[in-house]
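Enquirer: This is what each chain is made of:
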Amino acid sequence: MTGFLPLCRKELLEQLRTHRLLVLAVAFVLVGLGSPLLAKATPDLVSRFAEDDLGGMELVIVKEPGVREALFQYHKNFAMLPLLVILLNVGAIASEKSRRIAPMALVKPVSRDAYLLAKAAVPALLTLGGTLLSASGCLLYTTALFGEVDPAGFAVANALLLLVLLFYVALALFGSVVAPGVASAAGVGIGGFALISLAGAIPGLGDYTPAGLLSGVADLILGRATPHLAAAALVTGLATAALLVVAGRVLTRQEL
Amino acid sequence: MSLALETRGLTRCFGELRAVDQLDLAVQGPGVFGFLGANGAGKTTTIRMLVGLLRPTSGELRLLGESPGADPLAVRRRLGYLPQDPAFHPWMSGEEYLLHVGDLFGLSRKEARLRAHELLERCGLEKPAWRRRVGGWSGGMKQRLGIAQALMNRPALVILDEPVSALDPLGRVDVLGLVESLGREVTLFMSSHILADIERVCEEVAILDHGKLLVHEKTASLKRRAVRPTIECVVRGDAAALEKALAAAPWVERLERLERLDPTADDAIGLRLRVRDLAEAELALPKAVVEHGLRLVSLSPARPSLEDVFISLIDRSPAGPTDEEVGA
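Going line by line, the protein sequences match chains X and B. Heads up, the first sequence is in this note's numbering, so the first residue is 1 and it goes up one at a time. Heads up, the second sequence is in this note's numbering, so the first residue is 257 and it goes up one at a time.
Just chain X, same shape as in the assembly:
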């Protein structure tokens, strides 16, 4: 894996200089802190907006929000992050290939596997950091606003959410390797996201997809039965690894 660490250092610097790190951090913090706040404020907001439109009728909020609603809101907001992760990573290799930057690096004593893995490792590390940041914020605010959260269950839910994000990082990099340019790489990444979301709706089969895993985490948070969660996590983990392995094979054979 020659060249892996120097390439990781360069990737980290690039994430910082191109403000991708900042965008990612802001998004994760907003999801973490904003979700319990939004859950808390929702009844008030609904009441205020509805006051003028109910023709004198009274709006009754049947259930006051609690820990479960806050965490569900967190899950709903977190479910938007895969698209951000795809958009931030889909050009990582495609743009370097199309701008002829990649050949400059790949004629140095650097293996193509190391090049790809550095492209995967740094976003994975940042996604891990972002998830920790987001989860910490959510845990802090939910506890403050609604009461105690089951830490083990919350940790498992976040680990699974992280796994989903890592799958989409791998999908974005796969698109970035196989596509000839950034636009087509974005097509592969976003198209893949749409297909996986659709596949998640297929009865039976959909439970085992990354989209099914995301739905399973919602069930976990809501305290429902989650019979397919472990299998969906396994499939998502294997699919992540498979995408990276195939991308590595393609990149190794690619002419630049």
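Watch out, some of these pointers could steer you wrong.
Among the chain B residues that face chain X by a calculated CB cut under 8 Å, a handful are [as the list claims (entries may be wrong)]:
hint, residue
1, Val307
2, Gly308
3, Pro312
4, Arg333
5, Asp341
6, Pro342
7, Ala343
8, His345
9, Trp507
10, Leu511
Taking CB as the label site, the calculated pair distances span [stated by the list, open to error]:
hint, chain 1, residue 1, chain 2, residue 2, range
11, X, Arg253, B, Glu367, 33 to 39 Å
12, X, Ala155, B, Glu367, 26 to 32 Å
13, B, Trp347, X, Ala241, 26 to 32 Å
If the Cβ cut is set under 8 Å, some of the chain B residues that face chain X in the computed set are [what the hints assert, rightly or not]:
hint, residue
14, Phe270
15, Arg311
16, Leu317
17, Arg318
18, Tyr337
19, Pro339
20, Trp347
21, His356
22, Leu569
23, Ile570
Keep in mind the hints are simulated off the structure, nothing from the lab. This structure is a prediction, so every number in the text was calculated from the model and none was measured. Each residue gets a CB set at the ideal place from its N, CA and C atoms; glycine is no exception.
Starting from the known structure of chain X, fit chain B onto it as the hints suggest.
Expert: This is chain B only, laid out in the frame that chain X set:
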């Protein structure tokens, strides 16, 4: 001593097109080796195969005595490469890029910084630019940075693809001077379609045409061998009748007027004659000038340039060289 660069039957096809066709090269270092050809001759395709960015369709290549296929990383540790249009991360400064390259070659931070500063200076990049983002640099500055990055690892073999194409005339002189001085230490394999540049710095040259090797020889001997003897003369007076007579003379192969003469000499006319036999021409030409009532101002055998060689070879070999031309 092993060759710095060697190819045998190197071929690359793109569909029906044979971009490089059975290329045999043997480059002994140190020194500057010129790889010459018109645009589209196959120079960049050859270079991309040499550095491992393209796979040959067939044939073999060895760099620094090693086959890159067997241990590519070992070869790349001793190789420097400048692509035709070097591209950099626009958010990095020139200094940062060189430090990153040093990191890739396993240099310590201190060692990389010293080397980076030395090369930035040697390549003529002004100190204030070192820490500015490369995204705002001119094409010439990027070309110089490209040369610097190719030398970071003190390579034994440097492959330069059109290293002066983006430079202004002064920049070209600087960089060719650098290439010339480096040629005393390492082997440089330099492609170009600018013949004067190759002629200035390369002791040995290969000429490629439509993917095929036309010639591979020492520059000086090539110029002596491959070009027919040529005479240049300047006469005063109306030369129309003389030109007609010379064009019909059996010892003249080709006649052309010289364009660049002293503009103050109104009636001076320069003629360039490619002749079949130099000795015969040196006797016959003054006689013909006098017979036509003209004054002979000067007469000298022309020193053939690489451009003459190139044009002569390409002109005579639209579909490939004859055995005589390649010296086979």
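Enquirer: If a hint holds in the structure, say so; if it does not, say that too.
Expert: Against the structure, the hints:
1. Val307: holds (5 Å)
2. Gly308: Check passed: Cβ of Gly308 of chain B comes within 7 Å of chain X, closer than 8 Å.
3. Pro312: Since chain X brings no Cβ nearer than about 11 Å to Pro312 of chain B, farther than 8 Å, the hint is violated.
4. Arg333: OK, holds: Arg333 of chain B within 8 Å of chain X, min 5 Å.
5. Asp341: holds (6 Å)
6. Pro342: holds (7 Å)
7. Ala343: holds (4 Å)
8. His345: Interface hint status for His345 of chain B: holds (6 Å vs cutoff 8 Å).
9. Trp507: Since chain X brings no Cβ nearer than about 53 Å to Trp507 of chain B, farther than 8 Å, the hint is violated.
10. Leu511: violated (47 Å)
11. X:Arg253 <-> B:Glu367: 33 to 39 Å: holds (35 Å)
12. X:Ala155 <-> B:Glu367: 26 to 32 Å: Cβ of Ala155 of chain X to Cβ of Glu367 of chain B: about 45 Å, so the range 26 to 32 Å is violated.
13. B:Trp347 <-> X:Ala241: 26 to 32 Å: holds (31 Å)
14. Phe270: Given a least distance of 10 Å, the restraint on Phe270 of chain B is violated.
15. Arg311: holds (6 Å)
16. Leu317: Hint violated; Leu317 of chain B Cβ to chain X Cβ min 14 Å, cut 8 Å.
17. Arg318: violated (17 Å)
18. Tyr337: holds (5 Å)
19. Pro339: Holds. Min distance 6 Å.
20. Trp347: holds (4 Å)
21. His356: holds (5 Å)
22. Leu569: At about 30 Å, which exceeds the 8 Å cut-off, the nearest Cβ of chain X leaves the hint on Leu569 of chain B violated.
23. Ile570: Violated, because the Cβ-Cβ distance from Ile570 of chain B to chain X comes to roughly 29 Å (cut-off 8 Å).
This entry does not satisfy hints 3, 9, 10, 12, 14, 16, 17, 22 and 23, going by the numbered hints stated previously.
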